[in-house]
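Make a model of the complete structure from these sequences and hints.
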Amino acid sequence: LQYFIFIMAEDAWVDFVAGWCSGAAAVVVCQPVDTVLTRYQAGSALIGAQGSTNSATNIARGLVSQAGIKSFWRGSYAMIGAVPFQNA
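Each residue of the sequence shown is one higher than the last, beginning at 1 in the working numbering.
Note that these hints are calculated values from the structure, not bench results.
In this text the structure is predicted, and so the values were computed from the model without any measurement.
Check the hints yourself; a few may be wrong.
Ranges between beta-carbon positions, derived for each pair [to be verified]:
#1 Ala24 <-> Val64: 39 to 45 angstroms
#2 Glu10 <-> Ile69: 39 to 45 angstroms
#3 Ile80 <-> Asp15: 41 to 47 angstroms
#4 Phe85 <-> Ala56: 28 to 34 angstroms
#5 Ala82 <-> Val33: 15 to 21 angstroms
#6 Asp11 <-> Ala82: 21 to 27 angstroms
#7 Gln41 <-> Trp13: 38 to 44 angstroms
#8 Ala42 <-> Ile80: 18 to 24 angstroms
#9 Tyr77 <-> Ser55: 27 to 33 angstroms
#10 Ala42 <-> Val17: 17 to 23 angstroms
#11 Ile69 <-> Trp20: 24 to 30 angstroms
#12 Ala82 <-> Ser55: 41 to 47 angstroms
Even glycine gets a Cβ: it sits at the ideal position worked out from N, Cα and C.
Structure representation (structure tokens):
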């Protein structure tokens, strides 16, 4: 019985670590798309008023030109801390 409990505990630990890693990887990979989509949805009225076209490409170019490539992951620290717990 103790051997069975040890195996179950070891499997649970492996599942937890795998879920943690997959959750963190999902945030790192999907955050740029989420950032562009959020800017697209939030700024559609403002961008239309300024006369420029509202496209994902223009928003991504604007983010890179204004704040650099790191701007795609701005605000992702909270997600990297929370999402792995949900997947684990």
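Using the C-beta atoms of isoleucine 80 and aspartate 15, is the stated range 41 to 47 angstroms upheld?
For isoleucine 80 and aspartate 15 the Cβ distance comes to about 19 angstroms; the hint is violated.
Do the beta carbons of alanine 24 and valine 64 sit within 39 to 45 angstroms of each other?
Once the Cβ atoms are compared, 24 angstroms apart, the range 39 to 45 angstroms for valine 64 and alanine 24 is violated.
Does 21 to 27 angstroms hold as the CB distance between aspartate 11 and alanine 82, or does it fail?
holds, 24 angstroms
Indicate whether the distance between the beta carbons of tyrosine 77 and serine 55 respects the range 27 to 33 angstroms.
holds, 28 angstroms
Look at the Cβ atoms of glutamine 41 and tryptophan 13 and judge whether their distance stays inside 38 to 44 angstroms.
Taking Cβ atoms as reference, glutamine 41 and tryptophan 13 lie about 40 angstroms apart, which means the hint holds.
Taking the beta carbons of isoleucine 69 and tryptophan 20, is their distance inside 24 to 30 angstroms?
For isoleucine 69 and tryptophan 20 the Cβ distance comes to about 26 angstroms; the hint holds.
For the range 15 to 21 angstroms, tell me whether the beta carbons of alanine 82 and valine 33 fit it or not.
With Cβ atoms ~18 angstroms apart, the hint holds.
Taking the Cβ atom of phenylalanine 85 and the Cβ atom of alanine 56, is their distance within the range 28 to 34 angstroms?
Roughly 30 angstroms apart at Cβ, these two residues keep to the hinted range, so it holds.
Distance restraint hint 41 to 47 angstroms, applied to the beta-carbon atoms of alanine 82 and serine 55:
Check failed, 30 angstroms falls outside 41 to 47 angstroms.
Confirm or reject the claim that alanine 42 and valine 17 have a C-beta distance inside 17 to 23 angstroms.
violated, 36 angstroms
Look at the Cβ atoms of glutamate 10 and isoleucine 69 and judge whether their distance stays inside 39 to 45 angstroms.
holds, 40 angstroms
Evaluate the given range 18 to 24 angstroms for the C-beta pair formed by alanine 42 and isoleucine 80.
holds, 22 angstroms
In the structure shown, a violation is registered for the earlier hints numbered 1, 3, 10, 12, in ascending order.
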